[in-house]
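Peer 1: Listed here are the chains, written in short residue letters.
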Amino acid sequence: MNASVTNVVMAGLGGQGVIKAAGIIADTAYRAGLDVKQSELHGMSQRGGSVSSDIRFGTEVLSPMVPAGGADYLVVAAPDQVEVNRPQLRSGGVLIAPSDVDEKQLPNKKSLNIALLGVLSRQLPIAESHWREAISAAFPEKLRAANDQAFTLGRSSAAPVRPAVPHPVSVPDFMPVQELRATQLTRLRQIVARAYDRVKLFRQRMDERGLLPADIQSLADLQRLPFTVKMDLRDTYPYGLFASPIRDVVRLHASSGTTGKPIVVAYTQADVNVWASVMLRTFAACGLHASDIIQNAYGYGLFTGGLGAHYGAEALGATVIPISGGNTERQLMVMKDFGVTAICCTPSYFLHLLDQAQALGINVKDLPLRVGVFGAEPWTENMRQRIEAGSQIKAYDIYGLSEIIGPGVASECSAQCGLHIFEDHFLPEIIDPQTLEPVADGVEGELVLTTLSKQAMPMIRYRTRDITSFITEPCPCGRTVRRIHRIGRRSDDMVIIRGVNVFPSQIEAALLRVEGTLPHYQLVLTRVADLDQLEVQVEVTPELFSDEIRGLEELQKKLVHSIEIITGVRVAVRLVAPKTIQRSEGKAKRVIDKRAL
Amino acid sequence: MKIHQLSVFLENKPGQLRAPCAALAEAGINIITLSLADTEQFGILRLIVEDWAKAKKVLEQAGCVVKLTEVLALEVADKPGGMARILELVDRAGLNIEYMYAFTEKRVDKGVLVFRFADPDAALRVLQTEGINIISPVKLLNRA
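First to last, the sequence lines map onto chains A and B.
The numbering of the first sequence is numbering that gives the first Met the number 0, which starts it at 0 and goes up by one.
The numbering of the second sequence is numbering that gives the first Met the number 0, which starts it at 0 and goes up by one.
One chain only, chain B, in its complex shape:
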């Protein structure tokens, strides 16, 4: 079963990520998961949302360039070697992977976002002062 994924073009400058997310928030559309690919000048925000058709319209109305792509979501055993087995199958079949990203199924009533900051130490300091719950590597593993 293929899944519809929306990709949005972003310029790589401050504030660009907020606009599409705010538009979806305003329309009451929940993001199931996302991934962000970037270069020095631009980025691509890839989204899997609850109602892709509505989300596409909302994003286009917000002035975004949106592309619809079909992706496959494969369920793997959430244990060591789970992904490796899938990749082995993919390799054997000679399939080419353009890109991939991962998220864990919701077991607790909270999502997990993964960010890479240019200056992680500074970001850590700021987020700690703001009282944001920063999950330690150990805790993250425990959730899985």
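Here chain A stands alone, though its shape is the one from the complex:
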């Protein structure tokens, strides 16, 4: 959402003057010299049906449609229309309802719409005179006095000018920074003491450095602590890093174990509760609430995605459908028949669902689905645009990893610009992966996380291998917890071709630049005469397919060129038949390494 654009949704029942009020808002903004766009009336305009209209204004407004869940102000003229329309409000957005005015004082009942504009006018930085002029222009002479009076009533109503009100559980997201740092330091000292007392490997490493938990006096002392890496979890498999006795552990999860032994992670009841709270904060940041129906298509089981999202969604009070991953046709049937409003899965799996929906003649745009909470694999801004255009939902990026807690480490908010780390529980650092020194704010590096409250398995300075950077500007959503840029790549997903680092996400971005390519692709790495060769295999779609050899060769050339522009290397592109590249239901496997090393 562009912060310089204000999104207002005016809603109510037919006959309440909803379109009239929306027109006045638009006219007022226009009179104030702003660029304004107003959508057509949605819904049945006959008396009694639900209706709404979107108004957007700012320095420059391109689309008249308020994005789903993106309204800054929701003005509802009928009490029974409040809940129906609430999903349109962004988290922290302001609701204006009939209860905000004393209806008994209205000159006549029909002027409620104008009284509500009076309430709205107090929230917006637009001069009162513009409102008065617009109202005056909208009514014939004989109705002007009554509407003027209604506007005055609303404008002088007791309703306070409300700042963005967060969900109660999201309050830590908005904590004053000083308070946040103090909380972090207290928790850091506790967790270091706990790990030192209970985890042999950590104690050894502290002793080697001649460090004691009491030496941690400030957040800057974090840098004196030893790192933890994935190999440590493998070396101590299965229970070696636990800081709680097994009788206090209520849950174990494990990684898929693509290389060697899996890694095992543990939770006490308190850990499970924290996990649910950070996932709740994730959902709240994505604009979800208790009346949402959430289809949780993350895999249930040893993978943390399924249960992590499940507990958070239940804590939110939403309706959870624990469908888990796989069985695409059933997913679509449930999405359609159960009136699903939000889905959790990997972004590549959602694209797969969209593909299949099309094949089955289901138009996802016609369904009530409005939000996607996507994570567990890196994806790109282009992919988000494709998802949002193909399904008319808001697609949010979330981040997490089992070693830290699972999903719920960081999440986007309504601004869809960077992910807020829930840093009262997860203390972030960004380091140079070579020198291991912290990088300057805003510079790219490897994300390192310290769990501040995890009891069963504290992770001190865990190297995530994920590459990102801090966003230094404050977020328009008002959250004070720090933001990181979306994780585009992992330092260990990297392929080196002729000395150039190539990441799957770069290939994805390059493919998406070529019109019509959906990102079903894979990278095949081979070694010919001691040289690593990369072949990018791209599935041909009906949009891409030309029935002339020349057309297909042209397409190949375009793809090669696009990849070269983004990565700096020329790689081979092979067009392959549709559905020949394996689909992921968990993490997408993008790199097939066929090198005999």
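Calculated from the structure, these hints are not laboratory results.
Below are the DSS-like pairs computed for lysine-lysine, each with C-alpha atoms no more than 27 Å apart in a straight line:
1) 557(A) with 578(A)
2) 66(B) with 557(A)
3) 578(A) with 53(B)
Partner residues aside, some chain A positions facing chain B, computed with beta carbon under 10 Å:
4) 358
5) 539
6) 544
7) 546
8) 547
9) 548
10) 549
11) 552
12) 579
If you want the footprint, here are the derived chain B segments under chain A, 3+ residues with CB under 8 Å:
13) 7-21
14) 34-44
15) 53-65
From the three backbone atoms N, C-alpha and C, an ideal C-beta is built for every residue, glycine too.
We have chain A already, so just place chain B on it with the hints.
Peer 2: Here is chain B on its own, set in the frame of chain A:
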């Protein structure tokens, strides 16, 4: 009168041609004629079939990427210069030909398929051992 032609994307590897043909066979759709264009990596199978709408559905269900194109079928005298006269007209009109292929009208109750094999001698040996009737150039001319 334009004719609907279906084009199918194929990867250039063994077995790729069989799948679409098998799908059509199973659906009982007869192929009137076909042409195969190929590069080192991929190929395009162009088909003219009895019921193109049904065939398109069948092929898509079989997982093929299918494109519908309109082509013109021109009847020419089946004698020397028959095609040359058409091409002369095309040239004079400044028309551009993207691609073309040919087949003869069915006079006998058998079709004629034309293959190019990478190793024609080996293919010839195999097909002869299998008892396939291989038409000599002279015979092919005689059929026309």
